[in-house]
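Peer 1: Here is how the chains run, residue by residue.
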Amino acid sequence: MMEALAFYATAALILISALGVVLCRNLVHSAMSLALSFLGVAVIYILLHAFFLFGVQVLIYVGAITVLIMFGIMLTRDVEGNLVQQTNRQHRMAAASALATFIALTYIAFQSHFNVTNATPGDSVVGIGVAFISRYVVPFEVASLVLLVALVGAIVIARDKEVD
Amino acid sequence: MTTATRPRVPRGIEYNLGFFVRLGLLLGVLGGIGAATLPAIPILGYGLLAHHDSITSYVAWLFGWCQHSELVSEGIYGCGQYGLPVPLFEPAVVMQRVLGLVGLGRPPKVTVDYVVAIIASLILLHFVVISVTLIIYILRKVIGYMQARLGPMRVGPKGILQTLIDAVKLLAKEDTIPGTADKVMFTLAPVVVFIPALLVYVVVPFGDSKGFIARDLNIGILYVVAMSSITVIGIILAGWASDNKYALFGAMRAAAQLVSYEVPGVLVVLGPVIMAGSLGMRDIILAQKGGVTEWFIWSPVPLVGFLVYLISSLAETNITPFDLPEAESELVSGYNVEYSGMKFGLFFLAEFANSFTVCFVAAALFLGGWYAPPVFKLAAGLTLALSVGLCWIELPFLLRWALAASALAVCLGMPDHGWGSLYWMMLKASGLQFLTMWIRATYPRVRVDQLMEFAWKGLIPISLVYLAAVGLWAAINQK
Numbered sequence: 001m002m003e004a005l006a007f008y009a010t011a012a013l014i015l016i017s018a019l020g021v022v023l024c025r026n027l028v029h030s031a032m033s034l035a036l037s038f039l040g041v042a043v044i045y046i047l048l049h050a051f052f053l054f055g056v057q058v059l060i061y062v063g064a065i066t067v068l069i070m071f072g073i074m075l076t077r078d079v080e081g082n083l084v085q086q087t088n089r090q091h092r093m094a095a096a097s098a099l100a101t102f103i104a105l106t107y108i109a110f111q112s113h114f115n116v117t118n119a120t121p122g123d124s125v126v127g128i129g130v131a132f133i134s135r136y137v138v139p140f141e142v143a144s145l146v147l148l149v150a151l152v153g154a155i156v157i158a159r160d161k162e163v164d
Numbered sequence: 165m166t167t168a169t170r171p172r173v174p175r176g177i178e179y180n181l182g183f184f185v186r187l188g189l190l191l192g193v194l195g196g197i198g199a200a201t202l203p204a205i206p207i208l209g210y211g212l213l214a215h216h217d218s219i220t221s222y223v224a225w226l227f228g229w230c231q232h233s234e235l236v237s238e239g240i241y242g243c244g245q246y247g248l249p250v251p252l253f254e255p256a257v258v259m260q261r262v263l264g265l266v267g268l269g270r271p272p273k274v275t276v277d278y279v280v281a282i283i284a285s286l287i288l289l290h291f292v293v294i295s296v297t298l299i300i301y302i303l304r305k306v307i308g309y310m311q312a313r314l315g316p317m318r319v320g321p322k323g324i325l326q327t328l329i330d331a332v333k334l335l336a337k338e339d340t341i342p343g344t345a346d347k348v349m350f351t352l353a354p355v356v357v358f359i360p361a362l363l364v365y366v367v368v369p370f371g372d373s374k375g376f377i378a379r380d381l382n383i384g385i386l387y388v389v390a391m392s393s394i395t396v397i398g399i400i401l402a403g404w405a406s407d408n409k410y411a412l413f414g415a416m417r418a419a420a421q422l423v424s425y426e427v428p429g430v431l432v433v434l435g436p437v438i439m440a441g442s443l444g445m446r447d448i449i450l451a452q453k454g455g456v457t458e459w460f461i462w463s464p465v466p467l468v469g470f471l472v473y474l475i476s477s478l479a480e481t482n483i484t485p486f487d488l489p490e491a492e493s494e495l496v497s498g499y500n501v502e503y504s505g506m507k508f509g510l511f512f513l514a515e516f517a518n519s520f521t522v523c524f525v526a527a528a529l530f531l532g533g534w535y536a537p538p539v540f541k542l543a544a545g546l547t548l549a550l551s552v553g554l555c556w557i558e559l560p561f562l563l564r565w566a567l568a569a570s571a572l573a574v575c576l577g578m579p580d581h582g583w584g585s586l587y588w589m590m591l592k593a594s595g596l597q598f599l600t601m602w603i604r605a606t607y608p609r610v611r612v613d614q615l616m617e618f619a620w621k622g623l624i625p626i627s628l629v630y631l632a633a634v635g636l637w638a639a640i641n642q643k
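Just so you know, the sequences run in chain order A and B. Last residue of the first sequence: number 164 in our numbering, and the count goes up by one each step with no gaps. Last residue of the second sequence: number 643 in our numbering, and the count goes up by one each step with no gaps.
Just to be clear, a hint being listed does not mean it is correct.
Stated by the list, open to error - Sample of chain A residues facing chain B (criterion: CB under 10 angstroms; computed from the structure):
1) VAL28
2) MET32
3) LEU39
4) PHE54
5) LEU59
6) GLY63
7) THR66
8) LEU68
9) MET70
10) PHE71
11) ILE73
12) MET74
13) LEU75
14) SER124
To be verified - The calculated lysine to any residue pairs, modelled on SDA-like cross-linking and capped at a C-alpha distance of 25 angstroms, are:
15) LYS621/B / ALA633/B
16) LYS347/B / VAL21/A
17) LYS453/B / ILE640/B
18) LYS409/B / HIS29/A
19) LYS347/B / LEU36/A
Keep in mind the hints are simulated off the structure, nothing from the lab. In this text, a Cβ means the ideal position worked out from N, Cα and C, and glycines have one as well.
Could you put together the complete structure from these sequences and hints?
Peer 2: What follows is the structure, given as structure tokens:
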């Protein structure tokens, strides 16, 4: 009962803060809502007993990505973040694609079969580690390669701007 | 200078000797007070004889931790599960007794869980507040002595009540919010900074046995790193919401600095994790059992990991050589310049709590946690002998030396299990805290470009090499 209550409270938090990301007129407020939303997802991981994912979610999404977004807002636009236009003229297209994604996700969610078990999950750290270097070694390496390419690409772009 | 018949000890060295004696006393007192803080609350607070017929049986139970078969068999909801000292379960017992008398029977397990969680968090909150108060006082004293001045002297004997009075002052101060500030975010920022600083203490191992760690999460160190990474958001928020250019500069510097130094810090933390084969704080310490040589500070490359961790955590907690986000001479006070009253107090509290956490983590990861070096027992005896010898040479200092040496001997001879482990953990953490104070008093602030170059071109390559060495070490030692 308590877990269900915690889940619905967290889900409400995630949804409200996700709405805040879109609806806030101030970019910094949006970024803060995003951080709150990420934190809510982290709490969902706790409810699922996936503590490792919780740690990584907080570290990467809350701690790093939000900070980078804030940094981006403050470095690229006017520093206050107040006068930045939040909307553009493509809201119809955006609404259509959002609706399409929602329908697709709902369809997939209702189509897929979720296994239900009462067993307490084991140590997720070991499981994830073993999976990374055995079964999922190729996707893992590809992902790291993509990250490396992105890193090099970012450096190249930054260098070009410096020469200008 | 050459004709002196009796070589006099130069003034400076004499001063230093006295200083180190004082330092020994100070560390002993700090460790002792810290060790007393945690258990004192439940011991003083809750019904002494609620569950026991006599004080002796209560004390026996207090020191016996979870081994007391009576309690375990009576089903006091498995002490090990919450890993708190058994005394903390006293309220649960009292609650059960009271409810039983009223005729409501046993409370559901969930209720007991919540009571225990609330008490644990209260204890951690008390610990943070008390330790920060002590640290601020000691910091001011230590820096005072290092800069040949007195430090706080007015309030209480030797100014010992100064921080207390300062805290009262902060609480009583008018809480101002700038007119152009973003009010909600301005109020939220200190909370965002303080809560992670407090939450980190959940996994800090204060001593041996599961009774000294609030919750031994299996992701221990990852949890510490993750929680500390939230702090940056609060700092940026504070700087942005203040609507003040100095605050914003401070916040931007903080963001750049914390993100940069997080990388070597986290990379180096992986070293002990790989060597121990676990992310749990307790497991990492347990893997360092068996003398000083087993400490992770020596393997695979001596000192490298420890130093990189120490430097990057200095940068992450904005301590002086890296205090650019709050550089007083350039930015007035950086991101917290517009804050007053307890909002400012929360920033202050969080900063010092973080600096102490870092010391605990460094002690746990690299300095063998609560394990005392076996040679210290020998050193304890030697110190006593030495003190007797010294007493003969310099008679007027007899009392002082004897006092210092016996304090030192007691400190060195402490056992490193049970309650003694609390002392050792505190001592190591306090020692590291003293080291940061020393650095704070000694080094000038680095420049922004030096700061960034040092992280990206210095620390990160070093920590990558260190990590590779750790991998090699682990591969060799596995066989």
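Peer 1: Tell me, which hint numbers fail for this structure?
Peer 2: Those not satisfied: there are none.
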